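Student: If you read the protein sequences in the order shown, they are chains W and C.
Residues in the first sequence are numbered from 1 upward in steps of one, following the working numbering.
Residues in the second sequence are numbered from 1 upward in steps of one, following the working numbering.
Worth double-checking, as some hints may not be accurate.
To be verified - Computed list of lysine-lysine pairs in PhoX-like fashion (alpha-carbon distance at most 25 Å, straight line):
1) Lys233(C) with Lys78(C)
2) Lys11(W) with Lys201(C)
3) Lys201(C) with Lys106(W)
4) Lys93(W) with Lys106(W)
5) Lys72(C) with Lys93(W)
6) Lys158(C) with Lys201(C)
7) Lys185(C) with Lys201(C)
8) Lys90(W) with Lys104(W)
9) Lys104(W) with Lys93(W)
10) Lys106(W) with Lys11(W)
11) Lys201(C) with Lys90(W)
12) Lys158(C) with Lys11(W)
13) Lys90(W) with Lys11(W)
14) Lys72(C) with Lys90(W)
15) Lys85(C) with Lys25(W)
16) Lys201(C) with Lys104(W)
17) Lys219(C) with Lys78(C)
Said to hold, decoys possible - If you want a taste of the chain C side facing chain W, the calculated C-beta under 8 Å gives, among others:
18) Tyr92
19) His140
20) Leu142
None of these hints come from the bench; they were simulated from the model.
Computed from a predicted structure; not experimentally measured.
Think of the CB as a built atom: it goes at the ideal place given N, C-alpha and C, for glycine as much as any other residue.
Chain by chain, the residues run as shown.
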Amino acid sequence: MQVSRLVGLSKSPARYTTELYVMNKDSYIQKLRERINMTENEEADLQAKDAPKAELDRVRGKLAMWRNMLDSIGTNFSFELSSYITVSAKGSKEYEASSLAQQKAKEIMSGVGSLFGVPPSIITGPDLLRFVEPEYLIPISTVTEQISKNIQEQVI
Amino acid sequence: MDEIKLIFLLFSLIIILFGFIALPALGKGIIYYVGLLLLILTAVFIIAMNWIDAKLFSTITSLFGITFQPAKDYTINKQQNAVLKEVNGIFYATGYITANLFAYTFQEEAAPEDDEDKMINAPDTWERMVMNLNFPFKFHVLASGLDVQNIRDDLEGKRSYQEFQMSRALQNNSNEVTITDIRRKMNTIQAKIDRISQGEKPIATVMYVETTAIGVSEKAAIDALEAQVDQLKLSFSSMDVETARVIGRELYSLFNFNFSLPTEFNELAVLFDRQG
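Next comes chain W alone, as it looks inside the complex (with noise of 0.2 Å):
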């Protein structure tokens, strides 16, 4: 009942998705790669410096921590589920269209609010071409990842 109350919350076309994506692991794969460069180096110098066994045991012991940490990342997608509303407005001017929209948006937002009890927002910036556009869908960086298992897996 909710439901065909939110679809019919706005006059206009007004199109309602809930999109399940892969989450942006970008960053934080980056931080990890950064760790075991980091990592090796720290070895490499312990066995210039002719360390202690036990030094060098532990820093290679974290190395791999760091290692199993990336491929357990890697392996697998992590999802997550967006729902969400679109609107567009015609205008003479950009600017005119633009807040046309956003008065559109507004509207829906005060509806969806009443009706679910949620606090929708307005997406700004470089979050609407996660709404938009593919690669943001499936971030790079987490896919080349998957990729590159997938194909030292055929190899082995």
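Let chain W serve as the given structure and place chain C on it in line with the hints.
Tutor: Coordinates of chain C only, in the frame set by chain W:
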């Protein structure tokens, strides 16, 4: 077929008519028969285009390997069933399937009573479906409000027609099946009128599912997309939804909706009236 399409069709066929009128001027030789054959083929082609244009165009583009560029960096493949994009050597293929959950949204309109159970179980089915899918997809409901007065007048007209049918059936002593069928239709129409009277707004909807697959080559991405589409069709079958792959012009329209939507119902109706 609406009036505008009918007018377009008639005007297209008038050109053929001129051809037939001019045909006797060619005499009765081989040229006459070639001309006649060409005119008949053209007429068949024009008429066929109004019903099977999507299949016809996709066959032509497949045969000649024609691709389209709907936007910068995007390509519609020659089978016209996927939109492709290449980013840093990775190919993204996006496809669309129809998924009209009409019976769920307007449960009162559906005649069978077991639909109520489906309606109650729908959230659980949906959740189970989403949990089992391990690829990204979007479920879109494009809705537009309709003019309340027009819809009400239309429904009242339909109800009057059914009342007339009912009185005729009763006068002619028709069988029970016919009377029950008319009564069911009348109840459905009355339910719609009642809902409008209670303040519900009539809406038109287009529901579809969009999914994106990746691959290291164009073929790999399209193959992955096919697998995802098949899995989606299987998953949506648990919700009793008819799923059909969107191809051709409708694919282009749905792709454009990611960037801008029609702003009025008439613009939307023109795009999807052709769905047949």
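Student: All hints are to be evaluated individually against the structure, with a verdict given for each.
Tutor: Here's how the hints hold up against the structure:
1. A hinted pair counts as satisfied when its Cα atoms are at most 25 Å apart, and Lys233(C) with Lys78(C) qualifies at roughly 23 Å.
2. Pair hint Lys11(W) plus Lys201(C) holds up; C-alpha atoms about 9 Å apart against a cutoff of 25 Å.
3. Between Lys201(C) and Lys106(W) the alpha-carbon distance is near 19 Å, which keeps this suggested pair within the 25 Å criterion.
4. Annotation: proposed proximity of Lys93(W) to Lys106(W) holds, straight-line Cα distance about 20 Å (limit 25 Å).
5. Between the alpha carbons of Lys72(C) and Lys93(W) the distance comes to roughly 23 Å, so the proposed pair stays at or under 25 Å and holds.
6. At most 25 Å may separate the alpha-carbon atoms for a hinted pair to count; Lys158(C) and Lys201(C) meet this at roughly 19 Å.
7. The suggested pairing of Lys185(C) with Lys201(C) holds, with an alpha-carbon distance near 21 Å, which does not exceed 25 Å.
8. Restraint check: the Cα-Cα separation between Lys90(W) and Lys104(W) comes to about 11 Å, which is no more than 25 Å; the hinted pair holds.
9. Among the hinted pairs, Lys104(W) with Lys93(W) is consistent with the structure: their alpha-carbon atoms are about 17 Å apart, no more than 25 Å.
10. A threshold of 25 Å between alpha carbons decides the hint, and for Lys106(W) with Lys11(W) the separation of about 14 Å falls inside it, so the pair holds.
11. Of the supplied pair hints, the one linking Lys201(C) and Lys90(W) holds, its CA atoms being roughly 24 Å apart against a limit of 25 Å.
12. Simply put, Lys158(C) and Lys11(W) have alpha-carbon atoms about 24 Å apart, close enough for the 25 Å limit, and the pair holds.
13. Simply put, Lys90(W) and Lys11(W) have alpha-carbon atoms about 15 Å apart, close enough for the 25 Å limit, and the pair holds.
14. Simply put, Lys72(C) and Lys90(W) have alpha-carbon atoms about 22 Å apart, close enough for the 25 Å limit, and the pair holds.
15. Under the criterion of a C-alpha separation no larger than 25 Å, the hint pairing Lys85(C) with Lys25(W) is consistent with the structure, at around 21 Å.
16. Between the alpha carbons of Lys201(C) and Lys104(W) the distance comes to roughly 17 Å, so the proposed pair stays at or under 25 Å and holds.
17. A C-alpha spacing of about 12 Å is found between Lys219(C) and Lys78(C), which places the hinted pair at or below 25 Å, so the restraint holds.
18. Hint on Tyr92(C) holds. Least Cβ distance to chain W is approximately 4 Å, under the 8 Å limit.
19. At its closest, the beta carbon of His140(C) sits 5 Å from a beta carbon of chain W; the interface hint therefore holds under the 8 Å criterion.
20. For Leu142(C), the shortest C-beta to C-beta distance to chain W is roughly 5 Å, which falls under 8 Å, so the interface hint holds.
Hint compliance for this structure: no hint is broken.
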